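Numbering follows my numbering, in which position 104 of the first sequence is assigned residue number 189; successive positions increment by one, without gaps.
Calculated from the structure, these hints are not laboratory results. Here the structure is a predicted model, which is why all the values come from computation and not from measurement. Treat the hints with care, since some could be wrong.
As the list claims (entries may be wrong) - Calculated cross-link-like contacts (lysine-lysine; reagent style DSSO-like; alpha-carbon spacing at most 30 Å): (1) K297 / K168; (2) K198 / K492; (3) K198 / K232; (4) K125 / K232; (5) K416 / K201; (6) K469 / K168; (7) K484 / K95; (8) K469 / K347; (9) K201 / K324; (10) K320 / K92; (11) K92 / K469; (12) K406 / K434; (13) K301 / K162; (14) K406 / K129.
To be verified - Label-pair restraints from in silico Cβ distances: (15) A439 / K302: 47 to 53 Å; (16) I93 / V199: 27 to 33 Å; (17) D477 / E363: 16 to 22 Å; (18) E298 / L488: 43 to 49 Å; (19) P219 / S422: 44 to 50 Å; (20) S238 / L488: 42 to 48 Å; (21) F407 / A100: 24 to 30 Å; (22) A100 / E298: 35 to 41 Å; (23) I202 / E303: 40 to 46 Å; (24) I93 / P219: 43 to 49 Å; (25) S238 / G408: 40 to 46 Å.
Even glycine gets a Cβ: it sits at the ideal position worked out from N, Cα and C.
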Amino acid sequence: MEKFNFKITKKLDGALGRAGVITTPHGTIETPAFVTVGTKATIKGVSPEQLRDLGAAVVLGNTYHLYLQPGDELVAKAGGMGKFMHWEGPTMTDSGGFQVFSLGAAYGKEISKVVKITDPSLMIPERFDDSDAPRLANIGNDGVSFKSHLDGSIHYITPEKSIQIQHNLGADIIFAFDECTSPAEDLRYQEEALERTHAWAHRSLKEHLKLKEEDKKEIALFGIVQGGRDEILRKRSAKTIAEMEVDGHGFDGFGIGGSFAKEDMSTAVRWVNEVLPEDRPRHLLGIGEPEDLFMGCENGVDLFDCVLPTRLGRNGTLYTKFGKINITNAKYRDDFSPVDDDCGCYACKNYTRAYITHLFRADEMFAGTLGSIHNIYFLVNLVKKIRQSIIDSNFSEVKEQFLTTYKTNKKGV
RNA sequence: GCGUCGGUGGCGGAGUGGUCAAUCGCAACAGACUGUAAAUCUGUCGCCCUUAGGGCUACGAAGGUUCAAAUCCUUCCCGACGCA
86 MEKFNFKITK KLDGALGRAG VITTPHGTIE TPAFVTVGTK ATIKGVSPEQ
136 LRDLGAAVVL GNTYHLYLQP GDELVAKAGG MGKFMHWEGP TMTDSGGFQV
186 FSLGAAYGKE ISKVVKITDP SLMIPERFDD SDAPRLANIG NDGVSFKSHL
236 DGSIHYITPE KSIQIQHNLG ADIIFAFDEC TSPAEDLRYQ EEALERTHAW
286 AHRSLKEHLK LKEEDKKEIA LFGIVQGGRD EILRKRSAKT IAEMEVDGHG
336 FDGFGIGGSF AKEDMSTAVR WVNEVLPEDR PRHLLGIGEP EDLFMGCENG
386 VDLFDCVLPT RLGRNGTLYT KFGKINITNA KYRDDFSPVD DDCGCYACKN
436 YTRAYITHLF RADEMFAGTL GSIHNIYFLV NLVKKIRQSI IDSNFSEVKE
486 QFLTTYKTNK KGV
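From just these sequences and the hints, can you work out the full model?
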């Protein structure tokens with residue numbers, strides 16, 4: 086069985102970017118790569134065969150969701166998440182740290198991971214003051230108390246518990262339990278949360294090494310860098326996580342977490358990747374718009390995951406080289422061209438916009454499948470092109486060319 | 001022919017004297033979505049003026065009662081059912 090490792094094959098001149106290969110027990114991942122999100126051990130609406138055929142390399146499942154349903158022990162009994170879901174390639178699981186945010190501070194609110202407001206501190210306090218707002222995740226220093234959205238039962242997740250669940254799920258790469266903070270939080274809170282995330286990272290690492298000793302599973306653990314939008318915190322976090330060790334063992338790679346204001350993202354990523362050691366892979370958690378992918382690759386990110394291709398694909402928004410289109414718009418009813426005439430995906434090679442808009446209008450399940458296949462292909466392939474451009478030393482040209490066309494946003498073309 | 005019930009916005013269907021341009025659902029139109037509480041959510045949805053707001057035309061048709069009618073009365077048209 087191949088052990089986890091990461092090799093850099095080419096670096097970007099004058100920037101942090103690089104192309105490389107991650108090896109896992111279930112195959113290799115050529116990086117940079119777009120990781121597809123299969124929260125509940127399925128890419129919503131897409132079969133593993135379809136996923137493989139469109140060129141995806143990795144699937145990311147979720148600790149919290151799989152722990153609640155069907156239960157991590159059942160998944161272990163099935164032979165691990167990959168075997169359970171019939172995905173033979175590399176797998177990852179997220180630790181549940183994002184649910185600390187999405188079911189906590191963001192619960193019932195219009196806050197998302199990437200905020201539109203340039204300066205999140207300008208968010209209207211009354212709107213975001215949630216001290217007594219209901220939430221499904223409540224943070225303590227030792228762990229997080231979750232109230233299940235499925236049946237209301239209470240579950241206390243500690244770093245140790247998250248790692249135990251993840252070892253049961255048995256992915257090739259797992260993440261330390263962290264606290265993804267809201268962009269609306271002030272610096273004082275970000276700092277407090279960061280200390281907690283660091284303490285949890287240490288406990289995660291310790292538990293992981295202990296379990297690895299016991300279960301002999303070839304699982305790699307990534308530590309997560311947080312720190313909000315503050316330079317000092319981000320760099321401190323990167324340094325802390327990078328240097329963190331238990332019995333001489335550190336993290337196998339890194340996650341860059343947290344939520345951002347769109348404009349902050351590139352600086353935050355740069356701050357972190359300037360500090361993180363070069364020889365271990367970096368995963369920018371939950372980010373995946375095309376312009377973000379260029380930004381991340383340029384700034385030394387090796388892995389991205391994002392729900393956007395599947396969520397948008399299911400909801401009728403499709404990527405094209407001219408920007409995103411809403412395929413349910415009336416103008417596509419009699420448009421017999423493919424979604425994107427340059428696209429080589431199954432949906433574009435075989436179906437028209439008219440047909441896909443019909444499927445959406447008729448509430449047919451296949452609509453979401455075709456939309457997801459197209460969007461995943463689009464993003465997976467975009468990152469592959471970026472990777473190739475790093476290898477071919479023409480990243481800037483490829484970026485410039487793509488983004489210029491993409492921003493024209495010629496809807497209807 | 002007689003009787004009963006009913007005719008409301010693209011459709012279904014509330015409302016049964018003022019707070020009704022008319023609840024709600026569907027359809028339609030548009031928007032949002034970034035480690036998935038999401039095959040979800042939001043907005044618009046009679047016409048005109050630029051939003052707050054204002055004006056106009058509307059609840060089968062035509063008359064009428066009333067300060068005020070989708071709502072009451074009369075006649076007519078149409079539909080369902082019942083009796084001949």
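Each hint tested on the structure:
1. Restraint check: the Cα-Cα separation between K297 and K168 comes to about 19 Å, which is no more than 30 Å; the hinted pair holds.
2. In summary, the hint linking K198 to K492 is supported, as the alpha carbons are separated by about 22 Å, within the 30 Å threshold.
3. The suggested pairing of K198 with K232 holds, with an alpha-carbon distance near 21 Å, which does not exceed 30 Å.
4. As the CA atoms of K125 and K232 are separated by approximately 18 Å, the hinted pair is consistent with the 30 Å bound.
5. Distance restraint check for K416 and K201: the Cα-Cα separation of roughly 29 Å lies within the 30 Å cut-off, and the hinted pair is therefore satisfied.
6. With a C-alpha separation of about 26 Å, the suggested pair K469 and K168 falls inside the 30 Å cut-off, and the hint holds.
7. Distance hint between K484 and K95 is fulfilled; the C-alpha atoms sit about 17 Å from each other, no more than 30 Å.
8. The straight-line distance between the Cα atoms of K469 and K347 is roughly 23 Å, inside the 30 Å bound, and the hint therefore holds.
9. With a C-alpha separation of about 29 Å, the suggested pair K201 and K324 falls inside the 30 Å cut-off, and the hint holds.
10. Note on K320 and K92: the hinted pairing holds, with a Cα-Cα distance of about 24 Å set against a maximum of 30 Å.
11. For a cut-off of 30 Å, the pair hint linking K92 to K469 stands: about 17 Å separates their Cα positions.
12. With a CA separation close to 16 Å, the supplied pair K406 and K434 stays within the 30 Å bound.
13. Between the alpha carbons of K301 and K162 the distance comes to roughly 16 Å, so the proposed pair stays at or under 30 Å and holds.
14. Straight-line distance between C-alpha atoms of K406 and K129 comes to about 24 Å, which keeps the hinted pair within the 30 Å bound.
15. At roughly 49 Å, the beta carbons of A439 and K302 sit within the given window of 47 to 53 Å.
16. Separated by about 28 Å at the C-beta atoms, I93 and V199 satisfy the suggested range of 27 to 33 Å.
17. With their beta carbons about 21 Å apart, D477 and E363 fall inside the hinted range of 16 to 22 Å.
18. Between E298 and L488 the Cβ separation comes to about 47 Å, which falls inside the hinted range of 43 to 49 Å.
19. The beta-carbon spacing between P219 and S422, approximately 47 Å, falls within the hinted interval of 44 to 50 Å.
20. At about 47 Å, the beta-carbon gap between S238 and L488 stays in the expected band of 42 to 48 Å.
21. The beta-carbon spacing between F407 and A100, approximately 27 Å, falls within the hinted interval of 24 to 30 Å.
22. Between A100 and E298 the beta carbons are some 39 Å apart, a value that agrees with the proposed interval 35 to 41 Å.
23. Roughly 43 Å separates the CB atoms of I202 and E303, a value that falls within the hinted 40 to 46 Å.
24. A C-beta distance of roughly 47 Å is found between I93 and P219, which places it inside the suggested range of 43 to 49 Å.
25. At roughly 43 Å, the beta-carbon separation of S238 and G408 lies within the given 40 to 46 Å, and the hint holds.
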